[in-house]
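Chemist: Here is how the chains run, residue by residue.
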Amino acid sequence: MTDDESIRLNPAWQSVRLVAMAVGVLALLLAMGIGMTQETSSYFFHSYLTSFVYFLSISLGALFFVPIHHLTRAGWSVVVRRVAELLSQNLIPMAILFLVILFPVLFGSHTLFEWNDPAKWEVGSAEYDQLIAHKSGYLNSIFFTIRAIIYFGTWICIARYFFLNSLAQDGNGDKQITLKLQKWSSLAVVLFALTVTFASFDWLMSLDPHWFSTIFGVYFFAGSALSFFAFMTVVIFLLQQDGKMANIVTKEHYHDLGKYTFGFTLFWGYIAFSQFLLIWYANIPEETGWYLRRQENGWAIVAIMLIFGHFFIPFFGVMSRHIRRNKYILTGWAVFILVMHYVDLYYIVMPQVAHGTAAPNFGLIDVCCIVGIGGLYISSLIWFATDKPLVPVKDPRLSESLALQNH
Amino acid sequence: MSQEANNTEPKLIGLMAQFDDPDSLLAACEKVRKAGYTKTDAYTPFPLHGIDEALGIKPTILPWIVLMLGIMGGFAGLGLQYITNADWYPFIISAKPVWSLPANIPVIFELVILHAAFAVFIGMLFLNKLPTFSNPLFRVPEFARATDDKFFLTIDVNDEKYKPNKTRDLLDGLIGQTDVIEVFEDPSPAELPKIIKFVGIGVAVVALVPPLLLWRAYYQTSTVPRINPIRDMDVQLRGDTQTVSPVFADGRTMRPRIPGTVARGEWVDPIMLTGIVPETGEQNVLFLQDEEATEEGTKKPAEEENPADDKPAEEKPADEKPEADKPMAEAKPAQDKPADANPADAKPAEGEAPAQPEEPEPNWVKIAPINVTRATLERGRNRYNIYCSVCHGLAGDGDGLVSQRALQLEQPTWIPPTNLHTDYLLTQPDGKIYNTITHGIRKMKGYGDQIPAEDRWAIVTYVRALQKTRTGTPEEIPAVEMKELEIKGQ
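Residue numbers (my numbering), protein chains in the order written: chain B, -11 to 395; chain S, 543 to 1032.
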């Protein structure tokens, strides 16, 4: 089965990889070019961060899925696990792409992160901001860099560990590997939870250093997991359209992916509302400012779009069993959810342009950033998938997954 | 009778085929379904994939029931909160509107979940026709192994396709079939034993007694304290009036207002309340506090500071104990009377005059700050006739019945009330008249406690209207009215 062509990527994808890479690099250069010629590069950096976090969150969802799969000894998901493993490998290129954000911060730029402006913490300066000064022990460029290294280091270690062991099992079929991975997955999940929470605080919440939300990490995780399941559905659908995994991934697996999509849609809505309700009810100025900014200057429309587009519509959309078992419709919903996930991140990041005075203004820079990072993301995904079986061929639970039946 | 029933041949209700392995059962199910049978069922020791399709069992409608009840639950939650919070008991919490969706969503969500859960549970029981206490299949000894290692397929005799021999042959011909068993109806009597019926009815009746007693207790008067199983808010820890509070150092249960504050939501335009155009913000607050103090009947310490209060301040002591002092007050007014009669002299004579040098006349409102309509005037007349006319007379000439009687009795201390048509009053600003009604003047008591501010202004406008009856010119009468008058005159 290892040599079966039906579980290996078509060579034709290699040209796609090159095209995607070329388009990605060009688009990013174009975005940078436009961004830098503008009066402030604030818009470019925010837009870049939005797209960066968008693709990062998909890979983080994958990084969550793989250990959870081992931790719960899941049987159904063996056939789709390799795709998740491949997606989590993309954390490596994401670490490189993060340098575009990290270097300016390290060298003192504060277009993106207001707290990096030394005038904000200098007592007596006109710009002095007591709260930022108070937080400067945590929010400073050096510690920020150290944390970013820790996050990416942890993620890449987890991703590589699970991926390489899984590949090793493809070769020798050692059942002990499954047990070993199960043992380490508990630690991986804990590390994942901590790093993702703090990474979301660092990269998204600290855009507005005056804002506090203890649930923000969970909110970001909910969107990540949801977009990951949607993205994996699309990837598997495309692979099947290409004739791969034809009899391996059945509608039963789509059904399960759909269940996850449904569940995380509700989870996202639940968390997003939990965050909003507490802030709305308590009505504490340092918390409500963030939402206030997102209800003015035309952002209210985006907020309403999220309520319906990110929750109500997909919630009822993927509620039915019949839809979840139809891969064409389910993939359609997955694409819709992926679009809404971008809107969600756009809503989190972009109102902070120029430190919170911007109106929604989706334009060429945003498109270039999505295409740019997306192109590189896809190209590296193909690169990781080349010459590797698309399912873990000697996993002891593979037969269970192949024979999956939903009740 | 029962002997006979047992002797009769029990009624056949179905045929049951037994299998040793699940694959044969699945194949048999396919075959039976293809033969057109619909009233069939299969029994297996464990869930068998594909059995639904093989038997042609339609997908359950349970999800629809759950969805519908979930949506209903959502609307129930919404409606419950709307009715209770926004309609029956509008209560502002955390300065949120009484009807605000974000606060209601958790309850809506929980009720959706609750209803959906009930729908799943009850709907499942209902769709499975549960609870069923017995099934004829249980009487077949072989059937016990359906929970162990055998697989069964049944065909009901009521099936349209059922033909005694043909069906039997079909089952006999199934591959892997090890036995075909006839299932008979349970011949034992289906009715409940009479004793259970009586006990059941008895228990039901007894169970009704406590709620009936409760109901009776709630709707009847009684000389003994009532038993109160659902206490609601009947008994609560609260500070009643005229009791000493152990919580506060001063022992008061009613907390006095903090000086220099006005309660939220009690802001009313001070002009409306005092008839004085305030010059500073502090004055505003003082006016309001003073107004509040007057209305509550409590004494305001800040009163003396109020420049507008110079006059009423004299009258205040009388206000404080109105009931007891009334006869006194009526008896007393003597010395001011002449002053009132000649309003021109009145002012200097009035005791207000000495105050004038130190406290300039407040900035009275020239024209009543209310919207004057016909209804206002009607209201003013009504209130005037109730409160003012007894002394001032229905036409404002100062010849009210009380006054007439007092003069008749030649009460030595009686001062006839002011004639409202004197120049003194004609030139007074509205605000001052209003102030006089509120706080009283000389021997007239203040009516601030009794008459709401709106009504006091209505009285002022009515007094103005009364004055117009003497000072008005024919040109001021609207043409339409004039015409009417002419017609009447003719």
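Don't read these hints as lab results, they were simulated from the structure.
Just so you know, even glycine gets a beta-carbon here, dropped at the ideal spot from N, CA and C.
Just so you know, not all the hints are guaranteed correct.
[Unchecked claim] Computed list of lysine-lysine pairs in DSSO-like fashion (alpha-carbon distance at most 30 angstroms, straight line): (1) B:Lys239 / S:Lys576; (2) S:Lys576 / S:Lys708; (3) S:Lys573 / B:Lys239.
[What the hints assert, rightly or not] Computed list of chain B residues with no C-beta within reach of chain S, every gap over 12 angstroms: (4) Leu17; (5) Ala83; (6) Arg309.
Chemist: Give a verdict on every hint.
Modeler: Here is what the structure says about each hint:
1. B:Lys239 / S:Lys576: With a Cα-Cα distance of about 26 angstroms, the restraint between Lys239 (chain B) and Lys576 (chain S) holds, given a limit of 30 angstroms.
2. S:Lys576 / S:Lys708: 15 angstroms, holds
3. S:Lys573 / B:Lys239: Distance of about 26 angstroms is within 30 angstroms: holds.
4. Leu17: 44 angstroms, holds
5. Ala83: 39 angstroms, holds
6. Arg309: 7 angstroms, violated
Checked against the numbered hints given earlier, the structure breaks only hint 6 and satisfies all the rest.
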